[in-house]
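Turn these sequences into a full structure, and let the hints guide you.
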Amino acid sequence: MTEFELIQGLRNGDETAFRFLVDTYQDRVFNTAMGIVQNAEDAEDVAQEVFIQVFRSIQQFKAESKLSTWIYRITTTRALDLLRSRKSKKRFGFIQRLLGDNNEPAQEIPDFNHPGIQLDRKEKAARLFKVIGQLPENQKIAFTLHKLEDLSYQEVSEVMQTTVAAVESLMHRARQNLRKLLEKEPD
Amino acid sequence: MNTEKENRIDEILNSLEGCTRAAAPAFFYTRLKARMEKETTGTHSWMLRPAFTLAGLLLILVVNVFVLYNRSTAFKENTAGVETESIQSLAAEYRLNDNSNQYDLNQVK
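These protein sequence lines are chains A and B, in that order.
Numbering-wise (my numbering), the first sequence opens with residue 48 and increments by one.
Numbering-wise (my numbering), the second sequence opens with residue 6 and increments by one.
Any given hint might turn out to be false.
[Claimed, not checked] Below, simulated DSSO-like cross-link-like pairs (lysine-lysine); rule was C-alpha separation at most 30 angstroms, straight line:
hint: 1; chain 1: A; residue 1: K231; chain 2: A; residue 2: K136
hint: 2; chain 1: A; residue 1: K134; chain 2: A; residue 2: K227
hint: 3; chain 1: B; residue 1: K10; chain 2: A; residue 2: K171
hint: 4; chain 1: A; residue 1: K137; chain 2: B; residue 2: K43
hint: 5; chain 1: A; residue 1: K136; chain 2: B; residue 2: K38
hint: 6; chain 1: B; residue 1: K38; chain 2: A; residue 2: K113
hint: 7; chain 1: A; residue 1: K136; chain 2: A; residue 2: K227
hint: 8; chain 1: A; residue 1: K136; chain 2: B; residue 2: K43
hint: 9; chain 1: A; residue 1: K177; chain 2: B; residue 2: K10
hint: 10; chain 1: B; residue 1: K43; chain 2: A; residue 2: K109
hint: 11; chain 1: A; residue 1: K169; chain 2: A; residue 2: K231
hint: 12; chain 1: A; residue 1: K109; chain 2: B; residue 2: K38
If you're looking for bench data, these hints aren't it; they were derived computationally from the structure.
Treat the numbers as computed from the prediction; the structure is a model and nothing was measured.
This is the structure in structure tokens:
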């Protein structure tokens, strides 16, 4: 099925086309979401939301960019939304604890282990993911798309709707920030 | 910073090299379809969210207060009119406001 046929099929509400879309993109969407939210359950939730949004808003897709670019854009937006809601919940929980409404201690988030990392690098990758989580949003997106999804700077720039030079700068700053954060960490 | 630490940081930064893509969990499509069907059938579930429930209750309360206030004001106005009328009719009945009745005390004798 070509991309044009796929888009036409989706616009006509064809279930075979939708199945083909999910089969083709589910791993890319899941992997990207996983890199950003750093939790398998949340990543699956985000991936489901992405496909629901694609299905519902395919009529608005103008095909000015590739379908994959559009799907990556929806994925990063949805994943960031989840991180923001997680942050606000955390803040609310903190206020609740301050007010004495909830005396349970805050749960420590365990280290994230990406399933695609080689076994001998798992420990180092877990430390890296921990500091990636502290990066500003746009640096986090650029780094994840380039390093985890193996997208070129050109492709990342299309997803982020920016220039290649801007992506290069984001990647440079991301590496600098990661280095600084790792220096502060105890050995 | 010593070179040993610097090398260690470089190793951490390069730990994603050669990483393979994480696969979506099994039966992802089945779960996705189930969620889509659930969302299309339960379109009114948002109405049960606490924010909407509270807003609804608040609206009912405001409408009630408004109606009660209006009714009590109208009642006061109406009763005020009735009172004046009844006093006037009572006065008329007993000719309390009639000044034509003059009694000549000398005639009683």
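> Hints broken by the structure, by number, lowest first?
Replying inline: none
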